[in-house]
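Participant: In case you want the letters, here they are:
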Amino acid sequence: MFGKGARLPFLDPLAPCHLREKPDWPDDQDRRASLDCRAMTVKTDAIGKEWPATTYEVGKEKIGEYATVIGLDNPVYFDREAAKAAGYRDVVAPPMFAVVYSSPAVGPAMFDPDVGMNFAAMVHGGQEFEWGEPACSGDEITTTAKCLDISEKDGKGFYIFETNAVNQNGDQVARGTWTLIVRGV
Amino acid sequence: MADLNPGDAIAELKVTPDKYLPHRYAGASGDFNPIHIDPEFAKAVGLPNSILHGLYMMGLVARSATDLAGGDPKALKRLSVQFRGMGAPETEIVVSGTVKSTDGGTVVIDTVAAQGENQTIRNAEAEIQL
Chain A
9 MFGKGARLPF LDPLAPCHLR EKPDWPDDQD RRASLDCRAM TVKTDAIGKE WPATTYEVGK
69 EKIGEYATVI GLDNPVYFDR EAAKAAGYRD VVAPPMFAVV YSSPAVGPAM FDPDVGMNFA
129 AMVHGGQEFE WGEPACSGDE ITTTAKCLDI SEKDGKGFYI FETNAVNQNG DQVARGTWTL
189 IVRGV
Chain B
21 MADLNPGDAI AELKVTPDKY LPHRYAGASG DFNPIHIDPE FAKAVGLPNS ILHGLYMMGL
81 VARSATDLAG GDPKALKRLS VQFRGMGAPE TEIVVSGTVK STDGGTVVID TVAAQGENQT
141 IRNAEAEIQL
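Chains as they are written, first to last, in our numbering: chain A, 9 to 193; chain B, 21 to 150.
If we strip away everything but chain A, and leave its shape as in the complex, we get:
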């Protein structure tokens, strides 16, 4: 997830901290300075930053593959006529397929040095989606990512990103909120 060919072990909710090389802090001097004055040790410069959009074309067989793995058997996920009979434009994606088309937009945000996230100590703490227009086979979905908030509490850094996915007609398909927690900041 998070882009073609990307391997991001930290993405898993419970990936152990030592899975990834600890990245160098891009601003070690600043960080030490902030430690000295006992201010927050997380960088907050990236709050509000947005990243370039990614696009994903939804495919019928990819929907079926995902639905099968989750154990969904409603024909609207597999059969064009059944989907149309149920009022969809084409074979429809299960709601959580939002992960498949949205996650490529999140990768660059997480890797951004302005965010300065310590991947080695990161876990996926929470996830939210709100759905609008259903995503159907043939849709071209464009997703943008934005950093909503970076904060620190009890020695943990909370990084909250938002993804906004719209289809080729400009209809909002899914809005995602990704909460990533870095321990020991």
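Think of the hints as simulated: they come from the structure by calculation, not from any bench.
You may find that some hints are simply not true.
Said to hold, decoys possible - Some chain B residues near chain A, calculated using beta-carbon distances under 7 Å:
no., residue
1, ALA48
2, LEU75
3, GLY91
4, PRO93
5, LYS97
6, SER100
7, VAL101
As the list claims (entries may be wrong) - The calculated lysine to aspartate or glutamate pairs, modelled on EDC-like cross-linking and capped at a C-alpha distance of 16 Å, are:
no., chain 1, residue 1, chain 2, residue 2
8, A, LYS68, A, ASP81
9, B, LYS120, B, GLU145
10, A, LYS92, B, ASP92
11, B, LYS120, B, ASP23
12, B, LYS94, A, GLU138
13, A, LYS68, A, GLU89
14, B, LYS97, A, ASP179
15, B, LYS94, A, ASP98
16, B, LYS34, B, GLU110
17, B, LYS97, A, GLU138
18, B, LYS97, A, GLU136
19, B, LYS94, A, ASP179
20, B, LYS94, A, GLU141
21, B, LYS97, A, GLU141
22, B, LYS97, B, GLU145
23, A, LYS57, A, ASP122
Said to hold, decoys possible - Restraint ranges, calculated between C-beta atoms of paired labels, are given here:
no., chain 1, residue 1, chain 2, residue 2, range
24, A, PHE119, B, ASP130, 28 to 38 Å
25, B, GLU112, A, ALA90, 22 to 32 Å
26, B, ALA64, A, PHE119, 21 to 31 Å
For every residue, glycine included, the Cβ atom is placed at its ideal position computed from N, Cα and C.
Assemble chain B onto chain A, guided by the hints.
Facilitator: Same frame as chain A, now just chain B:
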């Protein structure tokens, strides 16, 4: 569709992912993190074995929510979860929950996904339009 009232339990969803489920989820989702598909790698980084994708379990929570609407995907308007524990293949997952509130055709349910005592997903709140 049965009438749903606050406090009502929703039908439990029970799924036992087989040994190769994480491989198929990796292919379907594009998340090939080796901790899910390579037991040797997982053990080398201190895990007991390869673990389930958290977002797979969230997919089951979403399935449980849409089941309440007869399986119609567009009924699910919002789903918010917290990942709280590691999931293991070849172990039964039980998704259970209760109705939190109802307002016209909108039902909010509070859901948990667990393997035995291990609650892998907690505070999962789903809003369904019936």
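Participant: Would you mind marking each hint as holding or not holding in the structure?
Facilitator: Results of checking the hints against the structure:
1. ALA48: Hint on B/ALA48: holds, closest Cβ of chain A at ~4 Å, below 7 Å.
2. LEU75: At about 5 Å, which falls below the 7 Å cut-off, the nearest Cβ of chain A leaves the hint on B/LEU75 intact, so it holds.
3. GLY91: Result: holds, 4 Å to nearest chain A Cβ.
4. PRO93: Holds - the Cβ of B/PRO93 comes within 7 Å of chain A, reaching about 6 Å at its closest.
5. LYS97: 6 Å, holds
6. SER100: 4 Å, holds
7. VAL101: 6 Å, holds
8. A/LYS68 - A/ASP81: 15 Å, holds
9. B/LYS120 - B/GLU145: 9 Å, holds
10. A/LYS92 - B/ASP92: Roughly 13 Å between the alpha carbons, so the hint for A/LYS92 and B/ASP92 holds.
11. B/LYS120 - B/ASP23: With a Cα-Cα distance of about 14 Å, the restraint between B/LYS120 and B/ASP23 holds, given a limit of 16 Å.
12. B/LYS94 - A/GLU138: 11 Å, holds
13. A/LYS68 - A/GLU89: 12 Å, holds
14. B/LYS97 - A/ASP179: Distance of about 15 Å is within 16 Å: holds.
15. B/LYS94 - A/ASP98: With a Cα-Cα distance of about 13 Å, the restraint between B/LYS94 and A/ASP98 holds, given a limit of 16 Å.
16. B/LYS34 - B/GLU110: 12 Å, holds
17. B/LYS97 - A/GLU138: 6 Å, holds
18. B/LYS97 - A/GLU136: Between B/LYS97 and A/GLU136 the Cα gap is close to 11 Å, so the pair holds against 16 Å.
19. B/LYS94 - A/ASP179: 15 Å, holds
20. B/LYS94 - A/GLU141: 8 Å, holds
21. B/LYS97 - A/GLU141: Measuring from Cα to Cα gives roughly 10 Å; hence the hint holds.
22. B/LYS97 - B/GLU145: Since the Cα atoms of B/LYS97 and B/GLU145 sit roughly 11 Å apart, the hinted pair holds (cutoff 16 Å).
23. A/LYS57 - A/ASP122: Holds, at roughly 9 Å.
24. A/PHE119 - B/ASP130: 28 to 38 Å: Holds: the Cβ-Cβ distance is about 34 Å, inside 28 to 38 Å.
25. B/GLU112 - A/ALA90: 22 to 32 Å: Holds, at about 30 Å.
26. B/ALA64 - A/PHE119: 21 to 31 Å: Since B/ALA64 and A/PHE119 have Cβ atoms about 24 Å apart, the given range 21 to 31 Å holds.
When each numbered hint is compared with the structure, no violation occurs for any of them.
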